[in-house]
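2 protein chains.
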Amino acid sequence: MPKLDFDVINLGHGSGGLLTNKLLEAGVFDVLKNPLLDTHHDGAVLEMNGQMAFSTDSYVVSPVFFPGGNIGDLAVNGTVNDLAMCGAGAQYLSLAFILEEGLPMAEYWDILISIKNAAQRAGVQIITGDTKVVERGKGDKIFINTTGIGAIHPRADISMQRVRPGDRILISGHIATHGIVIMSVRQGVEFETTLTSDTANLNHTVLQLLDTFGPDIHLLRDPTRGGVATVLNEIARDAHLGVEIRQDRLPVLEEVAGACELLGFDPLYVANEGVFIAVAAPAAAEAMLEKLRSLEYGAHAQIVGEVVETHPRQVILHSQIGGRRVVNMLTGEQLPRIC
Amino acid sequence: MPKLDFDVINLGHGSGGLLTNKLLEAGVFDVLKNPLLDTHHDGAVLEMNGQMAFSTDSYVVSPVFFPGGNIGDLAVNGTVNDLAMCGAGAQYLSLAFILEEGLPMAEYWDILISIKNAAQRAGVQIITGDTKVVERGKGDKIFINTTGIGAIHPRADISMQRVRPGDRILISGHIATHGIVIMSVRQGVEFETTLTSDTANLNHTVLQLLDTFGPDIHLLRDPTRGGVATVLNEIARDAHLGVEIRQDRLPVLEEVAGACELLGFDPLYVANEGVFIAVAAPAAAEAMLEKLRSLEYGAHAQIVGEVVETHPRQVILHSQIGGRRVVNMLTGEQLPRIC
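Quick mapping for you: the protein sequence lines, in order, are chains A and B.
Its first residue numbered 1, the first sequence is counted upward by one per residue in my numbering.
Its first residue numbered 1, the second sequence is counted upward by one per residue in my numbering.
In case anyone wonders, no lab produced these hints; they're calculated from the structure.
Ideal Cβ placement from N, Cα and C applies to all residues, glycine included.
Don't take each hint at face value.
As the list claims (entries may be wrong) - Here are the computed distance ranges between Cβ atoms for each label pair:
| id | chain 1 | residue 1 | chain 2 | residue 2 | range |
| --- | --- | --- | --- | --- | --- |
| 1 | B | Arg136 | A | Asp157 | 40 to 46 Å |
| 2 | A | Thr331 | B | Trp109 | 20 to 26 Å |
| 3 | B | Lys3 | A | Pro282 | 39 to 45 Å |
| 4 | B | Phe6 | A | Ala283 | 41 to 47 Å |
Generate the whole structure from the sequences, applying the supplied hints.
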């Protein structure tokens with residue numbers, strides 16, 4: 001961290017004047033530097049050609065720092081992943097901060113470094129940004145918006161319209177980890193081993209799957225807020241088809257399952273950050289599973305169910321003990337400010 | 001406003017589950033509908049070709065409603081204008097809300113309608129978005145991020161490197177109005193006539209200027225936070241040249257000038273929303289002024305000064321009474337949360 005004349009963020013850092021300039025020069029511009037950002041204009045100018053995906057998310061996770069990450073890498077990975085779910089490789093991000101007066105510079109700095117590292121790992125450039133400051137008590141330390149652009153993979157053909165009866169539903173990894181980690185920090189629950197958030201960039205994995213399987217991937221979704229149950233319900237609703245899943249196929253870490261029981265959560269509703277759901281053509285599904293298991297963040301992938309013509313707009317879970325139950329969309333708020 | 005089962009925003013509206021879906025279906029998707037938004041995916045997919053500008057801003061203005069506008073049209077116009085300052089016509093926006101629990105639905109609805117109307121006036125489509133909710137006391141009613149993309153005008157060649165000694169400095173309209181309106185609302189100051197914020201989209205005006213004057217426009221900047229003084233200082237600093245302006249040429253509404261005196265502000269530091277500064281080739285400046293005065297929001301334009309080789313990195317004001325003084329960048333924070 002550079003030597004600065006201030007230890008905490010104050011309202012002047014959002015003035016657009018001298019203090020904003022000082023903060024940017026010492027921080028953002030130096031840490032994140034790249035030729036497009038370096039123009040210091042109101043926006044970045046770049047060449048784009050072809051089919052592009054465009055996605056935005058604001059991040060308000062609390063606490064800001066948690067086992068396995070912080071709001072900075074979450075904000076980069078989250079938007080990179082939303083683009084990946086469109087079949088796009090993230091190329092450019094914007095970065096907008098809403099800081100609360102009094103935020104310690106040391107925390108701001110740690111978050112900035114995490115942003116830089118997450119952007120490097122994802123292979124994305126941060127090319128334009130904004131910094132606002134609100135008075136103490138009018139925000140909560142730091143909120144971040146990232147908005148991303150990336151070219152659609154030439155072999156991608158992802159849309160709800162392509163979901164068909166018989167399609168298989170793959171989940172790329174252990175579910176419910178992120179939500180349980182955040183909740184355990186808030187409630188002071190301790191685990192025997194170190195459980196960490198699954199925040200990760202999925203773009204490299206998704207692009208490699210698209211290289212091999214292209215249009216056999218009908219739909220991609222990341223089950224963040226609302227969890228797996230909500231995404232499956234959105235698929236059932238928007239595709240006007242049914243979804244069936246098998247409980248014994250759901251990949252959940254033993255400790256996470258235990259914590260869910262302890263805290264009274266169903267892992268199907270708990271938020272994920274580094275997990276995606278793929279709806280795949282039946283003929284390709286087994287090969288896709290095998291490939292996915294060989295890729296980054298895919299080792300624990302499973303085929304958890306399929307799309308059916310019966311019970312349209314409904315998600316049915318086949319339980320371990322042989323029962324069936326309807327899985328609804330998340331109602332109310334289970335874990336506020338999970339991302 | 002549609003009939004809904006809720007009068008205020010609650011944490012469930014940010015869950016990503018059923019309540020988020022209800023809010024979106026009843027609100028955003030219906031009010032803002034367009035073919036790209038209607039896909040309801042994690043991001044929008046669109047065709048882009050050529051040189052594009054990309055810009056982001058978060059809006060935290062307080063109060064949320066003010067004479068002449070609200071945070072909704074401000075958020076659309078602000079990002080449209082940042083793109084215009086790159087020489088680009090805004091085409092697509094993302095829209096991300098951070099709502100505070102307890103925000104009355106009626107206020108949310110008014111803001112949403114303003115967003116729709118501002119987008120229509122600017123000719124821009126909102127194609128992807130996000131909604132988060134934070135607990136009461138962890139935000140302040142509503143914060144909005146908009147991030148925009150637009151094609152660079154084929155005749156635009158705007159960059160700090162093109163600023164030359166002799167270039168003229170044009171201001172497109174009355175300065176300091178937005179800041180004074182916000183401050184007067186906060187402090188309960190009343191004006192004899194109705195003074196309203198200058199929030200407006202500048203893209204149509206800028207594109208028409210580019211049609212006619214193309215590369216004779218060397219630089220465009222909108223003096224929002226930090227005001228005219230800060231933008232001129234950034235130009236002087238980054239172009240390594242001096243800037244001279246004449247106080248008697250600065251367009252300021254009489255009431256705004258009076259309020260500035262009353263409140264102890266220098267209009268050069270007060271924020272604007274619907275005003276831009278153009279740095280123009282000297283041979284074209286007079287014709288550009290004439291044209292600008294015939295365009296929307298340009299009636300009160302003035303040539304206020306020029307770029308000089310002497311006193312590099314310094315902005316000098318020639319006062320009405322014949323004196324000269326250095327105009328520095330805004331230090332500290334004059335009017336927090338002006339945009």
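### Query
Between Arg136(B) and Asp157(A), does the C-beta distance stay in 40 to 46 Å?
44 Å Cβ-Cβ, so the 40 to 46 Å window holds.
### Query
Does the hinted range 20 to 26 Å hold for Thr331(A) and Trp109(B) at CB?
holds, 23 Å
### Message
The hint says 39 to 45 Å between Lys3(B) and Pro282(A); measuring C-beta to C-beta, is that right?
### Response
holds, 43 Å
### Query
Regarding Phe6(B) and Ala283(A), is the given constraint of 41 to 47 Å on their beta-carbon distance met?
holds, 46 Å
Hint violations for this structure: none, all hints satisfied.
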